[in-house]
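Engineer: The chain contents come next:
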Amino acid sequence: MSGVSRRRLLGLAGAGAGGLALGVGAAATAAATGLDDVLRPDRGAGDGTAYPFHGPHQAGITTPAQDHLHFAAFDVTTTSRDDLVAMLQAWSVAAERMTRGAPAGEGDPASGAYDAPPDDTGEAMDLPPAGLTITIGFGPGLFQTADGTDRFGLAARRPASLERLPHFPADALDPARSDGDLCVQACADDPQVAVHAVRNLARIAFGTASLRWSQLGFGRTATTSDEQVTPRNLFGFKDGTANITAQQDDALAEHVWVPDADTDASTAWLAGGSYLVARRIAMTIEPWDRTSLREQEAVVGRTKGEGAPLSGGTEHDEPDLAMAGRGGLPLVAENAHVRLAHPSTNGGVRMLRRGYNYTDGITPLGRLDAGLFFLAFVRDPATHYVPMQTRMSAQDGLMEYLQHVGSGLFAVPPGAPEGGWVGQQLFA
Amino acid sequence: MNARPTAVRPALLRPVLLRPAARRAAAVPAALSLVLLAGCTDNSEGTGAGALAVDATDSSCEVSETEAPSGTLRFAVTNTGDEVTEFYLLAEDGLRIVGEVENIAPGLSRDLVVATPPGEYFTACKPGMVGDGIRAAFTVTDSGADLAPTGDEAVLVEEASTAYAAYVRDQTEQLLAKTQQFRDLYVAGSDDEARALYPDARLHWERIETVAESFGDLDPSMDAREADLAPGDEFTGWHRLEKDLWPAEAEAGYVGLDTAGRTEMADRLVADTQELYDRTRDMTFTADQIGNGSKGLLDEVATGKVTGEEEFFSHTDLWDFQGNVDGARVGFEGLEPLLRTKDEALADEIATRFDELQVLLDAQRSGDGYVLYTELDEAEVRGLSDAVNALSEPLSRLTSAVLA
Chain R
1 MSGVSRRRLL
11 GLAGAGAGGL
21 ALGVGAAATA
31 AATGLDDVLR
41 PDRGAGDGTA
51 YPFHGPHQAG
61 ITTPAQDHLH
71 FAAFDVTTTS
81 RDDLVAMLQA
91 WSVAAERMTR
101 GAPAGEGDPA
111 SGAYDAPPDD
121 TGEAMDLPPA
131 GLTITIGFGP
141 GLFQTADGTD
151 RFGLAARRPA
161 SLERLPHFPA
171 DALDPARSDG
181 DLCVQACADD
191 PQVAVHAVRN
201 LARIAFGTAS
211 LRWSQLGFGR
221 TATTSDEQVT
231 PRNLFGFKDG
241 TANITAQQDD
251 ALAEHVWVPD
261 ADTDASTAWL
271 AGGSYLVARR
281 IAMTIEPWDR
291 TSLREQEAVV
301 GRTKGEGAPL
311 SGGTEHDEPD
321 LAMAGRGGLP
331 LVAENAHVRL
341 AHPSTNGGVR
351 MLRRGYNYTD
361 GITPLGRLDA
371 GLFFLAFVRD
381 PATHYVPMQT
391 RMSAQDGLME
401 YLQHVGSGLF
411 AVPPGAPEGG
421 WVGQQLFA
Chain C
1 MNARPTAVRP
11 ALLRPVLLRP
21 AARRAAAVPA
31 ALSLVLLAGC
41 TDNSEGTGAG
51 ALAVDATDSS
61 CEVSETEAPS
71 GTLRFAVTNT
81 GDEVTEFYLL
91 AEDGLRIVGE
101 VENIAPGLSR
111 DLVVATPPGE
121 YFTACKPGMV
131 GDGIRAAFTV
141 TDSGADLAPT
151 GDEAVLVEEA
161 STAYAAYVRD
171 QTEQLLAKTQ
181 QFRDLYVAGS
191 DDEARALYPD
201 ARLHWERIET
211 VAESFGDLDP
221 SMDAREADLA
231 PGDEFTGWHR
241 LEKDLWPAEA
251 EAGYVGLDTA
261 GRTEMADRLV
271 ADTQELYDRT
281 RDMTFTADQI
291 GNGSKGLLDE
301 VATGKVTGEE
311 EFFSHTDLWD
321 FQGNVDGARV
331 GFEGLEPLLR
341 TKDEALADEI
351 ATRFDELQVL
361 LDAQRSGDGY
371 VLYTELDEAE
381 VRGLSDAVNA
391 LSEPLSRLTS
401 AVLA
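So the sequences go chain by chain: R and C.
Counting along the first sequence from 1, when you hit position 86 you're at 86 in full-length UniProt numbering, and nothing is skipped either side.
Counting along the second sequence from 1, when you hit position 387 you're at 387 in full-length UniProt numbering, and nothing is skipped either side.
Just so you know, the hints here were simulated from the structure itself, not pulled from any lab data.
For glycine and all other residues, C-beta sits at the position ideal for the given N, C-alpha and C.
Wrong hints could be hidden among the right ones.
Partial list, derived from the structure: chain C residues whose beta carbon lies under 7 Å from chain R [to be verified]:
#1 D111
#2 T141
#3 E393
#4 S400
Chain R stretches covered by chain C per the calculated footprint, using a threshold of three residues with CB under 8 Å from any CB of chain C [stated by the list, open to error]:
#5 107 to 113
#6 202 to 210
Taking CB as the label site, the calculated pair distances span [what the hints assert, rightly or not]:
#7 R/G148 x C/R382: 43 to 53 Å
#8 R/D147 x C/D219: 42 to 52 Å
#9 R/A146 x C/E380: 14 to 24 Å
#10 R/Q192 x C/D267: 47 to 57 Å
#11 R/D264 x C/P117: 54 to 64 Å
#12 R/D147 x C/T374: 23 to 33 Å
#13 C/T307 x R/Q192: 19 to 29 Å
Kindly produce the complete structure, drawing on both the sequences and the hints.
Structural biologist: Set out below in structure tokens:
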């Protein structure tokens, strides 16, 4: 049954035959279609999943982390607030369409006006929605330029915590991979679907915003759902064991969603939203691979196989940071990654991470240009990221094998209600 | 631009709500709710226009309905026969073509999307692409839909074509005159003056580059870049002389041409230019050639000029950039009256984006010309590139819009 097209699938689903969550519910829950076997089975399982674009929170945060990422940051090039608003509206329309597997524009990618380019670039034709989510964020530069210019009349509405992240020890940031006025996080279980999403949004943006940098990611390195197993990063260790998951409503409320209490009249637009921290963390792969297993486990603080804390137990057991071994030294070393990242050493704060592995070819020295594209959603970067990263940059034993080379901070507004658009509260 | 005359083909246009121009022009909240409503209810995609299925075989032409309400109609034509076919919507007189879709091979489906006022029509399939076709009466009832005024399109197309042909003639005349001057200075060894004239003369080439490039024999002889040559290709034309006049970027050990070599190269360029001049005297242009030519000139900017690759030795890329933009703008402005009868918002957007790009180019003016490409910083190049992208997107819809 190779003849089931994207359009046909959606037609079926719309008629109630499928069970796709086609933007009809507010809750970000997935529904398998049961049609996977007729849809490019070579693309893997779960491809028929669709997540609603509309809802109280944007999709792509608590959504079970998909396998692939295309993250993009944009510079806004227009000086017109109306044009910016129109673009965000058009982005929302296109994003809603693409997340349910439809083309970005009204036109069909392969028919219609023969003398005009198609509205949609077409590489996602025949592919199911693949669990695509599109999450849009606003950088500090959208509100105010470095010299204080109020570009779009938004300066008074900039939350105090939305500013460029400070310089952390050992940062080696590349401006060409950092910052941006807007960001788009596109996650999907098929990389082509994620790339398609950003490409079509960039096309809509021409004349209003231009791509500043982008990052492809594969192999999610975090677990955002209790149903997912913990994946591994490029160091071969399980990553995201203690992450906040979609099922932990209390933790989400406490650590991820910006509560009303954190806002005032000018920043109320962000209530129900979050902050997105993006860090491109290069791993020095080759030296790591020449490191003894003892050293690898010591700097991480967990076993490589099971992912159990070095203080014992299994993966999901809490590390006992006080437990001492031979010579009275703690089993989880003072500079171990897990100790420095643990909530108990960070004033109890947690974050929701949904980072991805990346590989971008090789460096001029013939080494893998690879690492972790760290993405985390937090209630407030000033309390939930900056203090932790400051200490980790200085003390984490793993830093010997890491270099932070890209950085961005974005405010992620709440989701758009049915008929609304992302950011409408800010521009109201 | 393709210099061969081809039939003007009505476009298969359907209204698209995501156009930036439409976004800009629309009263935003109302437009948005309209878009979102469509987005939420239309899971079958693209059937917002009245969709009519046409089954075309070698001996039949079955249209799913014999009647439709006025507005944008979409005929989804499937050729289930063995011969190549065409589909037409003909006016009441059975002669005037309201819309057509050509070259539908066996097994293929093509859409004809056409804005159709109330009236009596004929549908026709033409298996084998000969004869009057298999016709059937077709009625369009009055839905009250407000179709764009049509104007006298033939006159507007004629005016655009006449104006563009005149522009091409004028530019080749100036190109020929300046190339002859350039030749004389270069052969005489007046290098400073030759260098000053080089980008100025080439401006006229760049203004009609898509026309000039349509001559497959002249283009490589006149405008090949050294980096694009295959092993064994002869390096001649403008860029050969450019290298000789600006040897700083040439490979180590480069030896300049002597007077005989200079004379041979420059005379060849003049002869080629004369040939170009002769061939362009009686050229005619169709609306789609002009529209596609405008877009093509911006593609030239995007691939060669804004990257600084075109003038590798002299770095006078911004003159070429301006020439391409000039040519694109002339093409657009010729079609603009016609475009305005079809899509005001698109015309406004293209005009605005031309202006915005020109502001950036004007900022790089220096004396009678421009700064060298190597004097631009990264941010300036990026700004120009963004402006080219911003213009090229709406410009890519020009042809389709004027043919609609």
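Engineer: Next, verify each hint and record whether it holds.
Structural biologist: The hints, checked one at a time:
1. D111: 4 Å, holds
2. T141: Because about 24 Å separates C/T141 from the closest Cβ in chain R, which is outside the 7 Å limit, the hint is violated.
3. E393: 5 Å, holds
4. S400: Holds. Min distance 3 Å.
5. 107 to 113: holds (count 5)
6. 202 to 210: Holds: 6 residues of the region 202 to 210 of chain R have a Cβ under 8 Å from chain C.
7. R/G148 x C/R382: 43 to 53 Å: 23 Å, violated
8. R/D147 x C/D219: 42 to 52 Å: 48 Å, holds
9. R/A146 x C/E380: 14 to 24 Å: With a Cβ separation near 19 Å, R/A146 and C/E380 satisfy 14 to 24 Å, so the hint holds.
10. R/Q192 x C/D267: 47 to 57 Å: 54 Å, holds
11. R/D264 x C/P117: 54 to 64 Å: 57 Å, holds
12. R/D147 x C/T374: 23 to 33 Å: Cβ of R/D147 to Cβ of C/T374: about 28 Å, so the range 23 to 33 Å holds.
13. C/T307 x R/Q192: 19 to 29 Å: Given a distance of about 28 Å, which is inside 19 to 29 Å, the answer is holds.
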